[in-house]
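Protein chains in written order, with this note's numbering: chain V, 1 to 950; chain B, 1001 to 1188.
Simulated from the structure, these hints should not be mistaken for laboratory data.
Think of the CB as a built atom: it goes at the ideal place given N, C-alpha and C, for glycine as much as any other residue.
Among the clues, some could well be false.
To be verified - If you want the ones that stay clear, here's a sample from chain B, every Cβ over 12 Å from chain V, calculated:
id, residue
1, L1007
2, R1016
3, S1017
4, D1019
5, R1025
6, T1028
7, A1034
8, I1035
9, T1036
10, G1153
Said to hold, decoys possible - Computed list of lysine-lysine pairs in BS3-like fashion (alpha-carbon distance at most 25 Å, straight line):
id, chain 1, residue 1, chain 2, residue 2
11, V, K382, B, K1110
12, B, K1110, V, K365
13, V, K51, V, K74
Read off the chains here:
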Amino acid sequence: MANADCIVIQGSNMAECHPVGFQWVAEAKARGAKVIHVDPRFTRTTAVADKHVPIRAGSDIVLLGALINHVLSKGLHFEEYIRAFTNAGTIINDEYGEPEDLGGLFSGFDPETGAYDLASWSYASADGSGRPVPPGAPAAVDPTLTHPRCVFQILKRHFQRYTPELVADACGISGEDFAYLANAITENSGRERTTCFAYAVGWTQHTQGAQYIRTAAILQLLLGNVGRPGSGIMALRGHATIQGSTDIPTLFNLLPGYLPMPKAGTHDTLTDYLDAVGTKEQKSFWANTDAYLVSLLKAWWGDAATAENDYAYDYLPRLTGPHGTYQTLMSMLEDQVEGYFILGQNPAVGSANGRLQRLGMSHLKWLVVRDFSLIESATWWKDGPEIESGELRTEDIDTEVFVLPAANHTEKSGSFTQTQRMVQWRHQAVTPPGDCRSELQFFHELGRRLRARLAGSTDPRDRPLLDLTWDYPTDEHGEPDAESVLAEINGSHLSGEQAGQPLSAFTEMRADGTTSGGCWIYTGVYAGGENMAARRVPGQDQDEIASEWAWAWPANRRILYNRASADAEGRPWSERKKLMWWDAEAGRWQGPDVADFSVDRDPRAESAAGASGPAALGGTDAFIMQPDGRAWLFAPTGMIDGPLPTHYEAQESPVANPVYPQQQSPARIMFPRAGNMFAPSAGAPGAEVYPCVFTTYRLTEHHTAGGMSRWLPYLSELQPEMFCEVSPELAAERGLTPYGWATVISPRAAIEVRVLVTRRMTPLTIGGRTVHQIGLPYHWGVGGDAVVSGDSANDLIGITLDPNVQIQDSKTGSCDIIPGRRPRGTQREALVQEYLARAGVTTATDSTVITAPDVTAGTETPVDAGAPQKGDPAESGESHALRAEEDAGEHEPGGTASVDRFPAGGSEPGEPGPEAAAGKTIDADTPEAGGPDHDGPGPAGAGAGPEEDR
Amino acid sequence: MSRSSFLGWPVIRQFRSGDVTGRGRSVTSERTRAITSRTEEADTVAQSVCPYCAVGCGQLVYAKDNRVIQIEGDPDSPVSRGRLCPKGAASEQLVNQSGRLTRVLYRAPKGTEWQSLDLETAMDMIAERFLESRRRHWEDRDADGRPLRRTMGIASLGGATLDNEENYLIKKLFTAAGAIQIENQARI
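Bound-form chain V, shown alone (with noise of 0.2 Å):
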């Protein structure tokens, strides 16, 4: 980010969230760069910004949208660039309907389903036909972008919508302002500058969270503003190594390096698998995922693991849909899961909706939680707020807890992966304390201990356990070998002279079971028997790339995409932005970086008729994981809910949609049902009982649900209670007093907070009428243990997912606000009831899939309470659309589409991101960031989701 001219900083705190991280864009700024940060609140991040634009939470696509609008329709777009590595040219199929044409809705929407047939978004047939073909098949492409079926002219059409004036109205945004942020990007974009977006869960987290990052993936894109130094779109995640949780994923959709879990009638055997998501047809180096994925098998099963057998394949469970964590809560609720682990994480405070998740938890048989300190996860059962509301009763509760103490980060070594794919290791310091153990030592024991019980069994089910490799070396303690896991990982040689040896690269890989390899990303990671994680060459002594500074998945590559930071023919772009060009002479990809491509492809060199997989690469399929080499402005497959980003309202929202009748974004997910409803929407009936805007986030001093910083003191003196930020027109209007107390009661919960009336929080004027926005940091929760406690802001949101990556819709809901306490005992839920009462709110306000009146499938289809299957992502057929997670986030992040390599995906918010290193350098990447992060590559992107990152 050092290296960007301009920074746009949208949906991230970036100051105040990683403050040492921020470090870079202050160095970018006192190198000239502007910075302009597009947040509801003027945070510690607008402080030291050089503009500040307040944006209506949950408008995001507006924006971004009419930012595209403007760099097409004023022919500011990166001409060369395009054309060299985007799909701008490519011609979708006659099929394809636009949201122009439907009422807001993409062409192949089931209504029944809830869900979109993709099969209308592809490609049109090389033949000219205007047949569909799937991605990676030759496709039509008009050269002069002027075709009317051509991406280029689609994107046109698609958002010339979106102008300054549906900001000023949707967004609340003035043109004075909006020119300022268009000037700023499209002047500090092109052959010499280059702007840079970050972001974090404020874009991941909504029911279209992938396709804000989407939004800003295309707007880069037509800028040229991927793989080039100081360039991308930075995903900031929120925790140690969130990347490496969706990498190495602990996510139901994902193994290890994005390949999708197997899903029951997709993939049944390993040839379906592999004809699914790794078919020889496309570019890509998914091509190779029989190698990837066998690697896997070998790994986990080791012997186990023959041809025969088709390398222990069926091993492996199978979805049948979304198994994420808000599903499994409802099963919770149903009595259908008995056992549950938590893992340094603290749901009855962090994730959406704390009250159903004590509940949920109450429907537990076991309960183990694994953590430093008696966090609220582990507590609620004697002093959570339903204790004190009387809605459960202790001795009435038949969970079996069990709470496990954990060895923190200086107590065991093992790496984590921060925001920019780097992996770092950490040596252990001290040995834990009493009980305390890893999560490795604990796992590793579990399993032996599984194993034990199950030896001589004949079940065919227990032959995946007991034939797992599990056999690592321990210390005098009992403590595994982490090095010897993270070799695993890496992978080696099975057979042949380097048999034992470590693999060094991915592409050693093979698919006839002769290498094994836990995670083919990581692969390089232990290259030669040498930790390269633990490397620690000090940034002082190496250039800004610095790529013996620990080790970046993949291969060591700091920057993603960064073929593309040279043109067609392989020659910088300019001087200034030079990072890797093409050195005919040796005839090799030159620069400070791993080129990201095959270092000696010749960029004139043709795509190969009849070669596939990486071979069929042409010199300017820059964006090497996408089945035809392009970054996508139109993404024909990948995300499941549209091919392009599409401005609606979040699921609850007191502004109707101005852009389209489609109220909430029809491919959502929603779990209509007591305990999770929703204010009415867009000026129906009842909407003015919850007049108010309210979003959530984070503070310096803490950290997410607070279980490793509320039991600091210092942390705690810091930043002691829970309060709101209001404008003092609604402290005015609602007679609030500074540092009074306040409650804020939304559908789900009434909770109380200190009031603290600042200016930092503007009042938009959206639709001609005033919209009052309340900010709601995250990290308290009601427990004893913790040196500080208090309400909690998650108990206030409701549970609607974005289908791409099934993360909740948490930073915008509606609420109000009241002067005083909330009542105690059973008169807080009752003035909840009291609410939902006047508000005339049902399980089905808000449940309306298709709200355009006169669209296609047209009917009004509320959904049924139960958990909607839909939006699996899997179910898209694309395997690789998989992409899930973010962070804030999240994750997510990526992409998909475009740019991602690894699509979105990631949480968290992840979701999804970027590289930068930090900023310096390598800024550029960073859609994948988002990706990985989120999401996991896929061709398509199939991603995890953003992550998490709140």
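Go by the hints and put chain B onto chain V.
Same frame as chain V, now just chain B:
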């Protein structure tokens, strides 16, 4: 030097010691001069990484007698250049805070208080419950006869604050056991 001596006068002291701006040695007390930094007393220094957000700031963990005594930013890190935010700077307290749990606690069904439990016993009980729940909610095939080979009776949440190697073992073990409802903060 005695404060009553002429040479002990502040201004004289300041110039005599070369501490012209009066912000260094000339204004330190005897007590200050007698103490040393904790980092100098450390037996070991381990290179580490901050456990909070995903920026990945370098940390140096100073330990003495198997106890962490100080955590500082690592100036060699090209990411953080020695800096830590309030959380990273407070992470010594994360290790040594008095409220830290170091023994297993157990709450029986319908129980009103915590009980203590031996770690080995707890591990055995968890393993036993794991297998029972796995069995009770096992699904071999779906309605169409397609293989599922999974259990829906067990779920897990967490991983973003753990290590990559730990996430790897969690995913590996749960997948082999047929448990698929494995999630972490990245979904949130």
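Structure-based check of each hint:
no.	hint	verdict
1	L1007	holds (42 Å)
2	R1016	holds (36 Å)
3	S1017	holds (32 Å)
4	D1019	holds (29 Å)
5	R1025	holds (29 Å)
6	T1028	holds (26 Å)
7	A1034	holds (26 Å)
8	I1035	holds (21 Å)
9	T1036	holds (20 Å)
10	G1153	violated (5 Å)
11	V/K382 - B/K1110	holds (10 Å)
12	B/K1110 - V/K365	holds (11 Å)
13	V/K51 - V/K74	holds (24 Å)
The earlier numbered hint that this structure contradicts is number 10, and it is the only one.
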